[in-house]
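Chain residues, written in single-letter form:
There are 2 protein chains.
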Amino acid sequence: MELVTIDDIRAAADRISGAVVRTPLLPCPWADADRPLWLKPENLQPIGAFKLRGAQNAIARLDERSRSRGVVAYSSGNHAQAVAYAARTFGIPAHIVMPDVTPQVKIDNTRGYGAEVVLVPIAERESAALELVEKLGAVLVPPFDHPDVIAGQGTIGLEIAEDLPGVELVLVPVSGGGLSSGIATAVKTLCPGARVVGVEPELAGDARESLRAGTLVDWPIERRARTIADGLRSQLSDLTFAHLRAYLDDIVTVSEDEIRTAMGVLATKGRLVAEPSGAVGLAAYLSRVGDLPRGRTVIVVSGGNVAPSLLADVLGA
Amino acid sequence: MELVTIDDIRAAADRISGAVVRTPLLPCPWADADRPLWLKPENLQPIGAFKLRGAQNAIARLDERSRSRGVVAYSSGNHAQAVAYAARTFGIPAHIVMPDVTPQVKIDNTRGYGAEVVLVPIAERESAALELVEKLGAVLVPPFDHPDVIAGQGTIGLEIAEDLPGVELVLVPVSGGGLSSGIATAVKTLCPGARVVGVEPELAGDARESLRAGTLVDWPIERRARTIADGLRSQLSDLTFAHLRAYLDDIVTVSEDEIRTAMGVLATKGRLVAEPSGAVGLAAYLSRVGDLPRGRTVIVVSGGNVAPSLLADVLGA
Numbered sequence: 001m002e003l004v005t006i007d008d009i010r011a012a013a014d015r016i017s018g019a020v021v022r023t024p025l026l027p028c029p030w031a032d033a034d035r036p037l038w039l040k041p042e043n044l045q046p047i048g049a050f051k052l053r054g055a056q057n058a059i060a061r062l063d064e065r066s067r068s069r070g071v072v073a074y075s076s077g078n079h080a081q082a083v084a085y086a087a088r089t090f091g092i093p094a095h096i097v098m099p100d101v102t103p104q105v106k107i108d109n110t111r112g113y114g115a116e117v118v119l120v121p122i123a124e125r126e127s128a129a130l131e132l133v134e135k136l137g138a139v140l141v142p143p144f145d146h147p148d149v150i151a152g153q154g155t156i157g158l159e160i161a162e163d164l165p166g167v168e169l170v171l172v173p174v175s176g177g178g179l180s181s182g183i184a185t186a187v188k189t190l191c192p193g194a195r196v197v198g199v200e201p202e203l204a205g206d207a208r209e210s211l212r213a214g215t216l217v218d219w220p221i222e223r224r225a226r227t228i229a230d231g232l233r234s235q236l237s238d239l240t241f242a243h244l245r246a247y248l249d250d251i252v253t254v255s256e257d258e259i260r261t262a263m264g265v266l267a268t269k270g271r272l273v274a275e276p277s278g279a280v281g282l283a284a285y286l287s288r289v290g291d292l293p294r295g296r297t298v299i300v301v302s303g304g305n306v307a308p309s310l311l312a313d314v315l316g317a
Numbered sequence: 001m002e003l004v005t006i007d008d009i010r011a012a013a014d015r016i017s018g019a020v021v022r023t024p025l026l027p028c029p030w031a032d033a034d035r036p037l038w039l040k041p042e043n044l045q046p047i048g049a050f051k052l053r054g055a056q057n058a059i060a061r062l063d064e065r066s067r068s069r070g071v072v073a074y075s076s077g078n079h080a081q082a083v084a085y086a087a088r089t090f091g092i093p094a095h096i097v098m099p100d101v102t103p104q105v106k107i108d109n110t111r112g113y114g115a116e117v118v119l120v121p122i123a124e125r126e127s128a129a130l131e132l133v134e135k136l137g138a139v140l141v142p143p144f145d146h147p148d149v150i151a152g153q154g155t156i157g158l159e160i161a162e163d164l165p166g167v168e169l170v171l172v173p174v175s176g177g178g179l180s181s182g183i184a185t186a187v188k189t190l191c192p193g194a195r196v197v198g199v200e201p202e203l204a205g206d207a208r209e210s211l212r213a214g215t216l217v218d219w220p221i222e223r224r225a226r227t228i229a230d231g232l233r234s235q236l237s238d239l240t241f242a243h244l245r246a247y248l249d250d251i252v253t254v255s256e257d258e259i260r261t262a263m264g265v266l267a268t269k270g271r272l273v274a275e276p277s278g279a280v281g282l283a284a285y286l287s288r289v290g291d292l293p294r295g296r297t298v299i300v301v302s303g304g305n306v307a308p309s310l311l312a313d314v315l316g317a
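First to last, the sequence lines map onto chains D and Y. Heads up, the first sequence is in full-length UniProt numbering, so the first residue is 1 and it goes up one at a time. Heads up, the second sequence is in full-length UniProt numbering, so the first residue is 1 and it goes up one at a time.
Hints listed in this document are in silico derivations from the structure and should not be mistaken for laboratory results. No residue lacks a Cβ here, since even glycine has one placed at the ideal position from N, Cα and C. Any given hint could turn out to be false.
[To be verified] Stretches of chain D that chain Y covers, calculated by requiring three or more beta carbons in the stretch to come under 8 Å of a beta carbon on chain Y:
id : segment
1  : 16-23
2  : 36-48
3  : 308-316
[Said to hold, decoys possible] Under 7 Å between C-beta atoms, here's a sample of chain D residues computed to sit facing chain Y:
id : residue
4  : Leu26
5  : Pro29
6  : Thr268
7  : Val273
One chain only, chain D, in its complex shape:
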């Protein structure tokens, strides 16, 4: 299987420059002295999550004729908003298929970026999306299972390597594996001495189990859906699994309580609003000291789209 290369990631960086925020590394003076810490705040992208990088790159890669017919995506989460927002920067139509149980605020946000939202029963979202692709001649933008999406997310790793060449550990959330594949590819290529470790909720620890088993392990959705980290309920694809086997050093898991605590620390000490999925890296840093190498550490805060009530709740705890 052909893997994404550092050249693909460099090309993606040129392509998406100006359309995404080049996030800084934020030093954390409150970190342990022997594990100096920087946060990579991808929650500060305009849509509140890293997903914009992959969507922007995937759409930029289309030839102009295909692109003009628009794009389709199915998602109830950050990918929906990423595709809608990216499509608007190209002035092309976006059709987003969402389950009819999607919270109204996410529907409104996606429509707010100018997308056409199509609500369908949850079991029909894939088929509805493929129907739209067929009918409109539009292109489907997948959330993680595509080289252009992986290369786009990989630009985060490129920026880490540029800003902190002596990085020793990068902690990155793992769900479908687009983000972790891209970042691991970039960081391990540019900083071979660094370790890249994925982080999953214990309650959705399927990627960890797959990597240990050496083969993709299936956890039914009801099992993965138990975690509060709603962005980390997807499973690896063959493509992302191949990247993680090639480049990822390890995966650790964190508990739901550890995730909530980390959200609170990010808010009070990092002044960042993170969604649960965006806080798993810090949860591992705070709670899995024994399982992680020491040294200069970067944590990818992947997103910040969280219900105000949940944020208030972790602050009050």
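For this one, chain D is given, so just place chain Y on it according to the hints.
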């Protein structure tokens, strides 16, 4: 009176580069179409506030021999942490005089950066600081009333002009006037078409009154202390007043409720934790539409050191 120049600010930028975060401009897709909005998140500096820029520049400007004897500051707020943190980057001692009523968390934070904290009755803090200066041969770093501090804060304006040369409006909090003086100097010099407007709480609207009157107006501290924005209770000095008269276009004021609402919007839509003082710019943007010019707007989010309970409170409201 000699004012800080753009050359002073450029020199400050070179001097503090690497020691402070070069914060990005964050585009806000949720803003009004005719008032496109970017946030300048100075709450993401390592100490959680812009104050680091001025302190770092002021200490860098000292000759090595004076500097080696250390620095002194009196403050219970962000300036204390800024001087402590900056001194540590130079490996020199910092002595911070704080009122003995200062909340323990602020004392701990300042000590955490390696500073010696001296607690005194509130009325004695200035004299205690001057005594330390005398005794140690150390240098006093003032919170705003100094050209080097103003030039350091002005680097924010330089970065705004670099990143968005077509900026039309900059909203900046006003307290002692160091931040607003520096930013107004940089922005009005580099982008003469832009307007720079200060924002104050109504309950601490002394700078607005001073600018209208054309002379420094004194509000007793009990009157200024009513606002929730604890970082905006200082008054202008002759030096900062002169800068604001030369460069600031206007000052608007916002209510306490408007500040709280803006804190909530920054958290939920901007994914940023702001202290009340850091939210006044957005409060003006949201609530003073009629008083502000339209067009490309930058809001300086000056700091994010807020009690978790207050943040939880504005989120639950």
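Quick rundown of the hints versus the structure:
1. For the segment 16-23 of chain D, the stated coverage by chain Y is satisfied: 3 residues place a CB nearer than 8 Å to a CB of that chain, which reaches the threshold of 3.
2. Here's how the segment 36-48 of chain D fares: 6 of its residues keep a CB closer than 8 Å to some CB of chain Y, so the rule of at least three is met and the hint holds.
3. Judged by the Cβ-Cβ criterion of 8 Å, the segment 308-316 of chain D is covered by chain Y as claimed, because 7 of its residues qualify and three suffice.
4. Hint status for Leu26 of chain D relative to chain Y: holds, with the closest Cβ pair at about 5 Å, below 7 Å.
5. Interface restraint check for Pro29 of chain D: the shortest CB-CB distance to chain Y comes to about 5 Å, inside 7 Å, so the restraint holds.
6. The interface hint given for Thr268 of chain D is met, as the beta carbon of that residue sits about 5 Å from the closest beta carbon of chain Y, less than 7 Å.
7. The beta carbon of Val273 of chain D is positioned within 7 Å of a beta carbon in chain Y (closest approach about 4 Å), and the interface hint is therefore held.
When held up to the earlier numbered hints, the structure conflicts with none and fits them all.
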